[in-house]
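Below are the chains, spelled out letter by letter.
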Amino acid sequence: MKLVEGRVRIPSGCAISGIISRDRRKFTGERIVESMKVMRERSNGLGGGFAAYGIYPKYKDSYALHIFYNDSNAKRECEAFLNEHFEIDEASELPTRKIPEITDEPLIWRYFALPRPSRLAASQLDEREYTARCVFAINARIDGAYVFSSGKNMGVFKAVGYPEDVGRFYMLDEYEGYMFIGHGRYPTNTPGWWGGAHPFSLLDFAVVHNGEISSYDANRRFIEMFGYRCALMTDTEVITYILDYLIRHVGLTLEESASVIAAPFWSSIAKKPPEERERLTYLRTMFPSLLVTGPFSIIFCFEGGMMALNDRLKLRSMVTAEKGDMVYVASEECAIRAVEPDAENLRYPSGGEPVIVTLNGGKDNA
Amino acid sequence: MPNYILPDFEVERRDDRCIRCRVCERQCANEVHSYDEENDVMLADELKCVGCHRCVALCPTRALKIVKYSGTFRENANWSNQSILEIYKQAESGGVLLSSMGTPNPCPVYFDKILINASQVTNPSIDPLREPMETRVFLGKRPQNIERDETGKLNNNLPPQLELSVPIMFSAMSYGSISYNAHESLARAATELGIYYNTGEGGLHEDFYKYGPNTIVQVASGRFGVHKGYLDVAAAIEIKMGQGAKPGIGGHLPGEKITEDVSRARMIPVGTDAISPAPHHDIYSIEDLRQLVYSLKEATEYKKPVIVKVAAVHNIAAIASGIARSGADIIAIDGFRGGTGAAPTRIRDNVGIPIELALASVDKRLRDEGIRGNVSLVVAGSIRNSADVVKAIALGADACYIGTAALIALGCHLCRTCHLGKCNWGIATQRPDLVKRLNPEIGYKRLVNLVTAWQHEIKELLGGMGINSIEALRGNRLMLRGVGLNEKELEILGIKHAGE
Amino acid sequence: MKRVYVNEKWCLGCRLCEYNCAFANSGEKDMVKALKGKKIYPRIRVDEHDGITFAVSCRHCEDPICVKSCIAGALSKEGDGMVKLDRTKCVGCLTCVLVCPYGAVVQDERGAALKCELCLTNTAGYPACVKGCPNAAIVYEERD
Numbered sequence: 116m117k118l119v120e121g122r123v124r125i126p127s128g129c130a131i132s133g134i135i136s137r138d139r140r141k142f143t144g145e146r147i148v149e150s151m152k153v154m155r156e157r158s159n160g161l162g163g164g165f166a167a168y169g170i171y172p173k174y175k176d177s178y179a180l181h182i183f184y185n186d187s188n189a190k191r192e193c194e195a196f197l198n199e200h201f202e203i204d205e206a207s208e209l210p211t212r213k214i215p216e217i218t219d220e221p222l223i224w225r226y227f228a229l230p231r232p233s234r235l236a237a238s239q240l241d242e243r244e245y246t247a248r249c250v251f252a253i254n255a256r257i258d259g260a261y262v263f264s265s266g267k268n269m270g271v272f273k274a275v276g277y278p279e280d281v282g283r284f285y286m287l288d289e290y291e292g293y294m295f296i297g298h299g300r301y302p303t304n305t306p307g308w309w310g311g312a313h314p315f316s317l318l319d320f321a322v323v324h325n326g327e328i329s330s331y332d333a334n335r336r337f338i339e340m341f342g343y344r345c346a347l348m349t350d351t352e353v354i355t356y357i358l359d360y361l362i363r364h365v366g367l368t369l370e371e372s373a374s375v376i377a378a379p380f381w382s383s384i385a386k387k388p389p390e391e392r393e394r395l396t397y398l399r400t401m402f403p404s405l406l407v408t409g410p411f412s413i414i415f416c417f418e419g420g421m422m423a424l425n426d427r428l429k430l431r432s433m434v435t436a437e438k439g440d441m442v443y444v445a446s447e448e449c450a451i452r453a454v455e456p457d458a459e460n461l462r463y464p465s466g467g468e469p470v471i472v473t474l475n476g477g478k479d480n481a
Numbered sequence: 002m003p004n005y006i007l008p009d010f011e012v013e014r015r016d017d018r019c020i021r022c023r024v025c026e027r028q029c030a031n032e033v034h035s036y037d038e039e040n041d042v043m044l045a046d047e048l049k050c051v052g053c054h055r056c057v058a059l060c061p062t063r064a065l066k067i068v069k070y071s072g073t074f075r076e077n078a079n080w081s082n083q084s085i086l087e088i089y090k091q092a093e094s095g096g097v098l099l100s101s102m103g104t105p106n107p108c109p110v111y112f113d114k115i116l117i118n119a120s121q122v123t124n125p126s127i128d129p130l131r132e133p134m135e136t137r138v139f140l141g142k143r144p145q146n147i148e149r150d151e152t153g154k155l156n157n158n159l160p161p162q163l164e165l166s167v168p169i170m171f172s173a174m175s176y177g178s179i180s181y182n183a184h185e186s187l188a189r190a191a192t193e194l195g196i197y198y199n200t201g202e203g204g205l206h207e208d209f210y211k212y213g214p215n216t217i218v219q220v221a222s223g224r225f226g227v228h229k230g231y232l233d234v235a236a237a238i239e240i241k242m243g244q245g246a247k248p249g250i251g252g253h254l255p256g257e258k259i260t261e262d263v264s265r266a267r268m269i270p271v272g273t274d275a276i277s278p279a280p281h282h283d284i285y286s287i288e289d290l291r292q293l294v295y296s297l298k299e300a301t302e303y304k305k306p307v308i309v310k311v312a313a314v315h316n317i318a319a320i321a322s323g324i325a326r327s328g329a330d331i332i333a334i335d336g337f338r339g340g341t342g343a344a345p346t347r348i349r350d351n352v353g354i355p356i357e358l359a360l361a362s363v364d365k366r367l368r369d370e371g372i373r374g375n376v377s378l379v380v381a382g383s384i385r386n387s388a389d390v391v392k393a394i395a396l397g398a399d400a401c402y403i404g405t406a407a408l409i410a411l412g413c414h415l416c417r418t419c420h421l422g423k424c425n426w427g428i429a430t431q432r433p434d435l436v437k438r439l440n441p442e443i444g445y446k447r448l449v450n451l452v453t454a455w456q457h458e459i460k461e462l463l464g465g466m467g468i469n470s471i472e473a474l475r476g477n478r479l480m481l482r483g484v485g486l487n488e489k490e491l492e493i494l495g496i497k498h499a500g501e
Numbered sequence: 028m029k030r031v032y033v034n035e036k037w038c039l040g041c042r043l044c045e046y047n048c049a050f051a052n053s054g055e056k057d058m059v060k061a062l063k064g065k066k067i068y069p070r071i072r073v074d075e076h077d078g079i080t081f082a083v084s085c086r087h088c089e090d091p092i093c094v095k096s097c098i099a100g101a102l103s104k105e106g107d108g109m110v111k112l113d114r115t116k117c118v119g120c121l122t123c124v125l126v127c128p129y130g131a132v133v134q135d136e137r138g139a140a141l142k143c144e145l146c147l148t149n150t151a152g153y154p155a156c157v158k159g160c161p162n163a164a165i166v167y168e169e170r171d
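Residue numbers (my numbering), protein chains in the order written: chain A, 116 to 481; chain B, 2 to 501; chain C, 28 to 171.
Keep in mind that a hint or two might mislead.
List time: in silico PhoX-like cross-link candidates among lysine-lysine, alpha-carbon distance up to 25 Å [stated by the list, open to error]:
id	chain 1	residue 1	chain 2	residue 2
1	A	Lys190	A	Lys213
2	A	Lys386	B	Lys154
3	B	Lys66	C	Lys63
4	B	Lys423	B	Lys69
5	A	Lys267	A	Lys175
6	B	Lys446	C	Lys158
Covered, in the sense of this in silico footprint (three residues per stretch, anywhere, with C-beta under 8 Å from a C-beta of chain B), are these stretches of chain C [said to hold, decoys possible]:
id	segment
7	35-42
8	47-61
9	151-164
Honestly, the hints are just simulated from the structure, not real lab data. Quick caveat, the model's predicted, so the values are computed rather than measured. Every residue, glycine too, gets a C-beta built ideally from N, C-alpha and C.
Could you put together the complete structure from these sequences and hints?
The following block contains the structure:
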C-alpha cells in the first residue's frame, strides 16, 4: 500500500514564499517560481505548489474549482454531484505542459461554477458555506476525486515534484495576478498523491506552511466539531481550517486570529497594558484548543491580502521585505533577492508577530 | 466465641536492633505494640495491625518490619484467602463489608498501557529550563460566539472561570472524613499553588473561610453544611451526584466522628450519624439537575462556575452529554479506581468503569455533538503521577483531581482502614491526639512539593513532545500509543497501537 | 540567639527526642550500639500530664540562676548566649537541678549535672531533638 495523505500523518519541512502587489498591479507567475527556485535545498521533490490571486478576471464571480481525478469514473461521479449542486459556466482540463520532471499526473480539471439558486436557498446557508460544504462532501465521499482549489478569481496549482518544475508544468508564466504564494515540500514520508502537495486551500483562503506542529491532534479534534473534516492529516490543512473558522465563522480579525493560534505567553501577556492584557487573556481563554504549538511559518492568503506568521518561539525561519507597493515573504532572504535585488525594509518578524499585508483601498480584513 | 479471622500482617522486630524506646507502642492507635517490663521485651498483637507503617516510619533504629501474614489456608486458586476471610467476617457480623480508599483489586490500569510521544528530528523538543513552558488552564464554559461593542472592541463575554496554575486540583474530601489539619494542609497548599481544593460534603470550618478563593464547596445529597455564606465564599460550587468508589450509593459518617467542630461545619447535632442519601431526593432526572444548577447560580448571582461530579458508570458518555446541556460549567468524572473514606467493599470493587475509558468516551461524545468546547472536563479516580495527568489531558481532560495522591503526600500509607477512624497519620480521624500528628505546616509544604514536582515533570514531558503549552496537549491523542491493548480498547481510547 | 523551642500543640509525646538526644551525646556512631540495653540520660525530657505532652530542655536564660548558684564554677554563660556545663568541674552538688525553674537540668548516671548544650559541643552539630522530631514540634530558631 502506498502511503498517502489521509492514511498516515506526514510531517514535512519546507520552503515558502509569497509576493503581493498592494496596488493590485498584475505580474506573471514567473516571479514566484524564480523565488522558489533558489530554495531548492529546502524541498526534496516530493511536492510543490502555488496559489495565484486575480488570475481569472473573466470569471471573477464564479468559484474556480480545480479538481484532481484518479480516473474517469471519479470524474463522472463528481461531475454528477457538481451538476446537481452548481451551475457550471465552463468546464475544461487545466492547461499543463508535458515535461519529463513531472509524471504520473492525474486528470486535472477546472470548473467555473456558482451554486444552484434553488439548492442554495434550500440549504439555508450562505453561498460560501454552501460551497465549502460541497467541497468537503466531494473530498470525503467521492473516491478518487479531490477539489484542491475552490476560490473566486484565484487558483491553486500543485503536484509531486520540485516547485520550479511544478510551475513550468502548470505554465504559471502565463497567468497574471496580484498575489502569489509558493511552496516546496520536504516530507518525511513518501507521499504518493498530488492532493497532498501544498498550498492547501478552501474558498479564497490558501495556506503554505513550513513546520511540524505538535498540537495537531488537539487542533484537529477541536476544529472537526465545526463540520471540518481533516482528511489529509497535514498541518497545513488544519491551520487553514482554524483560520477559516476563526475568521469566517467566529468573526475575528486577522490579528486576533494570530493571537489565538500563536498566542503570546502568559508571562508576556502579564506585561501588557491592562486593556491589551484583557483582550489577549480573553482570546486565550476563549479558544485554548486552537493554540498551535511546534515550529511553523505560514503564509495565509485571502482575496484581500496575506498574513505571515511564525510560531511563538520562532522555530522556523521567515523574512519579509518591501519594495514600492510590493511585499515579499519567504523562508530565506535569497528567495526575495532572487526576484527583487533592491528589496528594502528587510525584517525577521518575531515569533507570534503577524505580518499583515492588505491591498490598498481594500478592506483591511479577510 | 473465638473468631476465625487471621491477621493480615506479621510484625517482625529485630531484637538486636530494638532499643526499647517504645516509640512504636506510643504511636500505635491500634495498640499492637506493648512492653513487658518483667522480661524487658516488646510484644505485638498482630491481629490488630492494619499495616499503616507508622511504627516502622518512626522506629529510630529500623528494627521493625511489617510483612504479609505468611500463614495460609490450604491453597485454592478459586477460593483466595481473602474470599474465605470475608465470609468468616460476614458470618460473624451479619453485616456489609466496609472498605476504604480505592479498590486494591488488579483491575486494568489503562494509563500503564499508554505511552507518550517525543519529538525527534522533524521538529524540536523544547527545554523547559530554557524556554517558557505553560501549564496554566482555565476551567469553565465557553460561549458560542464573540461579542463586540460599538467600537469593535471584543467584549469579555466569558462566564466565570477557574484559573489553575497547573491542571491539578485536590479532590473532594470532607471535614469529618479527614481531619482539621488535613483540611488546613490542603487549603493552604491550594492557595500557595494557585489551584483549588474541595470541601467534600462536610461544610466548611469557619477557620477556612479565608481560603475561599481557592475553595470548591460541595453540595451533595445530604446538603450538609450548605448555606448562603458557604456558597458565597467559594470559588466554585460542585454538585456531587456520585463518587467513583461507590457509584449509586450515598455516604455515612458515623456519629463518633461528628465532634463539636464537625457538627458545626455540617450543621447537624453532635454525635448523630451523617447519612447522605444515595440520590439527591430533588434530582430524579436530568431536568431536575438543571434546576439545581441554576438554583445555585441564582443564589450566587452567576459569579461562580458550577461543577457536576459523577461516577464513571456504563452510560457515562450520554450522562455527561446531558450534564453539559444542563447548565454545568465543568463536569467532573470519578473513575472506578477512585478512593473513599468508607464504602461497601462489594460496591467499591465491582461497580463502575475505569476513568481512562470513561474519559475517552465522554470526550469523544461531547466532540461528536459539537459541545466539548462548552464545558470543561475534570477527571479523577487514581491519578498517581504526572504521567497519568499528561495521559489524561491528551485523552481529552482539562484537569485532574487528585485525592489519594494528596493524602499519600500527607503521610497516608494506604492501609485502607479510614473507616475505623484511628488513622495513625492524623488524616482520616477526629481523635485529637491523632489529629495533632499531622502538622499542617509540614503537610501543606509536602503538598506544594508534590504538585510542584509534578508540574516540573509535566513540563519535561510537554517539552519532549515539542509542545509549550498544556492547552495544545488537551485531546491530542496522536501523542499517545497503546501497548498490549486489543482493538476494542484502542478504539474506545481513540489511540493507535505503538508501532502504528 | 538561636534556641530550641517546643510547641506543645504539635508534640506527640513519642519521646524520639529523648533517644535522639541520648544518641547524639553518646559519642557513638550507631544508635543501637549507643543505646541498646542501656538506661538513657537525655538532656531533653518529655513531660506528660492529662494528655498534654511537652518536651523540656534548657532555655539558656538571659540571666541564668543555675550559673549564679553553681558552687564549682562549672556552669557559665558563654559569649554566644549558651549556658555551658564544664563537667570536669562539676562536683555533683545538684544545686543547679534544684534552682532551675524549668527542671531542665538533670543528673547523669554518675550523679553529675547534665544539660542541653544545643548539640554544639558534640558531633551532631545541630540539635538532634529538632532534626528527629517527626512533627516539627521542636524547632531551633532565633526569636525576639
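Each hint, compared with the structure:
Between A/Lys190 and A/Lys213 the alpha-carbon distance is near 21 Å, which keeps this suggested pair within the 25 Å criterion. Restraint check for A/Lys386 and B/Lys154: satisfied, since their Cα atoms lie roughly 20 Å apart, inside the 25 Å limit. Under the criterion of a C-alpha separation no larger than 25 Å, the hint pairing B/Lys66 with C/Lys63 is consistent with the structure, at around 18 Å. Pair hint B/Lys423 plus B/Lys69 holds up; C-alpha atoms about 21 Å apart against a cutoff of 25 Å.
At roughly 6 Å between alpha-carbon atoms, A/Lys267 and A/Lys175 fall within 25 Å of each other, so this suggested pair holds. At roughly 17 Å between alpha-carbon atoms, B/Lys446 and C/Lys158 fall within 25 Å of each other, so this suggested pair holds. Figure legend: the segment 35-42 of chain C, annotated as covered by chain B; annotation consistent (6 residues with Cβ-Cβ distances under 8 Å, at least 3 required). With a threshold of 8 Å between beta carbons, the proposed coverage of the segment 47-61 of chain C by chain B holds, since 4 of its residues qualify and at least three are required.
Chain B is given as covering the segment 151-164 of chain C, and this holds because 5 residues of the stretch bring a CB closer than 8 Å to a CB of that chain, at least three being needed.
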